[in-house]
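Engineer: Okay, here's what each chain looks like letter by letter:
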Amino acid sequence: MNFRPFALILATVTAGLAAAAPAAAQTIDERVNEIFASSTGWFVNFIFANFPGTSFPWIVAWLVIGATVFTIYFGFIQFRAFGHSIALVRGDYSDPNDAGEVSHFQALATALSGTVGLGNIAGVAVAVSVGGPGATFWMILAGLLGMASKFTECTLGVKYRNEYADGKVSGGPMYYMVKGFAERGLPGGRFMAILFAIFCILGSFGGGNMFQSNQAHAQLTNVFGAYPGWITGVIFAVIVFLVIVGGLKSIARVTEKIVPLMGVIYVGTALIIIVMNAGMIGDAFGQIFRGAFTWDGAVGGAIGALIQGFRRAAFSNEAGVGSAAIAHSAVRTKEPITEGFVSLLEPFIDTVVICTMTALVIVITGQLITDPNTGMFILNEAGTRIQTIGDTSGVALTSAAFSSAFGWFRYVLAVAVILFAFSTMISWSYYGLKAWTFLFGEGQTKELIFKVIFCIFVIIGAAANLGPVIDFSDAAIFAMAVVNIIALYLLMPIVKAEMNSYLSRLKSGEIRKFA
Amino acid sequence: MPRKIVVGYDGSDTSRRALDFAVGIAKTNDDQIILAHVLEWSPYSFLTPDEIEERHQRRQDELERAEAVVIAPVAEQTRTTGLTVSTVLRYGHIAETLCEIAKEQGADLIFIGRMGHSGLSARIFGSVAGTLAQVAPVPVTIVP
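Chains as they are written, first to last, in my numbering: chain A, 1 to 515; chain B, 1 to 144.
These aren't lab readings, by the way, just hints derived from the structure by calculation.
Since we're looking at a predicted model, the values are computed, not measured.
All C-beta atoms, glycine included, are put in the ideal place defined by N, C-alpha and C.
Be careful, since some hints might not be right.
[As the list claims (entries may be wrong)] Between beta-carbon pairs, the in silico distance windows are: (1) I511(A) with M1(B): 39 to 47 Å; (2) M1(B) with V254(A): 47 to 55 Å; (3) G11(B) with I281(A): 53 to 61 Å; (4) F43(A) with S42(B): 39 to 47 Å; (5) K507(A) with T141(B): 41 to 49 Å; (6) N465(A) with E64(B): 36 to 44 Å; (7) P144(B) with L261(A): 33 to 41 Å; (8) T221(A) with P144(B): 56 to 64 Å.
Please build the complete structure, drawing on both the sequences and the hints.
Structural biologist: Structure (structure tokens):
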């Protein structure tokens, strides 16, 4: 095992960075920023290009149209099967003889801890501060539609996974592109799979990694005062390195146990704040609906709200992106469609419940400054977002909103942010690794190379400014969705056949609950 | 009339004493012994992506190991007493699963050792023996 040389390299790099500090600390951050912004700009510009003559990015339309098509094609399956999905997660349909295998609940919880993360805390704050409260409406709508996208991709992920002799499984869009296309006699499956794998690796470095360490650092400086980003980066990188390379499963296991707890604390606190300001709820929803359809002073008017809402929803729940298909494909189940049913709960919990909580708290606690005369929101000097109390954005805005009710909450939030960031990184390191091994084959050295690069990006993410990181994070994740949704369109008849067969057997009583 | 006796066996010393005690009683009446081994498992625990991927293989290994190391030798040994011995291997919550096994097999008695947790964790979560004494469908004998 050539684990030692790499540990040595990492230690050397760390020591080198430490030696360069503190005199050069600021310049390291600045240089990382500069190189990062200049080398990723073209990619970001391409993904977020607007339709000619409008300010509407084509990629947002792409995701929404995809989610809408799946919703209609499967006859609003996310609403029809919602109750059945919950019954599956509760284990009502689980064969007791399969006890000891991964349960539907465990699959859902693990996939959720990959998606519930900073998108729910920081991303929503960005959406609301740029697009105004109206962004919340579009975010909820995107979450509801996205349930159908998840249903489609996760069913395919399980159906076309690879099972190996040693009992391990590998699955995800790469595999359904290759196998599913071949089964339907369509060309280009392997090409698309390779393209997807490349974007998935980039996404695992971007949204699944740099964005997380970046916002974790932002929250830490928010609590402890400013210090150079690379310090957070190196500490995070070392811990991630220990877990994914050193096999320190205990850290990962502890995180997996605390993350759901933090989620409950987060939603609970949000609910308390909302109930405490019960009189404001009507007004908050008024602002959300008004902003969704009319200009309320926010950037880009109603269209700006729509773009921000959809964009942040997609980034948060990853519906249509294909990452969930990788997470769910490892689960053993006799019916692939049951994983689809279970997975459609993810955008609901992630976006419709948790993201909405964040948005409501920000709106209700009055963080966004309005002009007292006109009632319109006031933009900051650069005109890029709404002015907020304390001039904050991202996770700092969410923190300010929660802290305005409970001063101590920013410490809880700091812990939550770090844990969410960490669990999301662990999940994405797994997704990225699956894409990597799809391209380069399985093997310890090959896997180690990916893991080391992954850790380096943790440091870059913490050191870079929010602007370039968030843009690249989005761009990489949305690029996955470009390829994935094409594949979903071509393969959706297979999912429909599975769905109809399952639902008719459910109706006839062939599939029934275990007592 | 011969009865069916479920014995919760996990390889520990106390579960061994429970088995010996059960065998002693079974001999007088030519009762049937059902050796039950439950692997603690909750479908609501949290797993990492890696653990999910390996779970199926891990489960096979755990079952094989439990069969080979815990159950098979002691079943063989018990059979030498001339009693009829069957075995059951399950995943689940230990006390609940023992109750299920007793119901399914139509058992008349359950024997277990006063095993496992002591001190704080037993105070908080309750012990297997304590839970079983409260919820079992048939008489339970707890052997110290």
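Engineer: Hint by hint, which ones does the structure fall short of?
Structural biologist: 6
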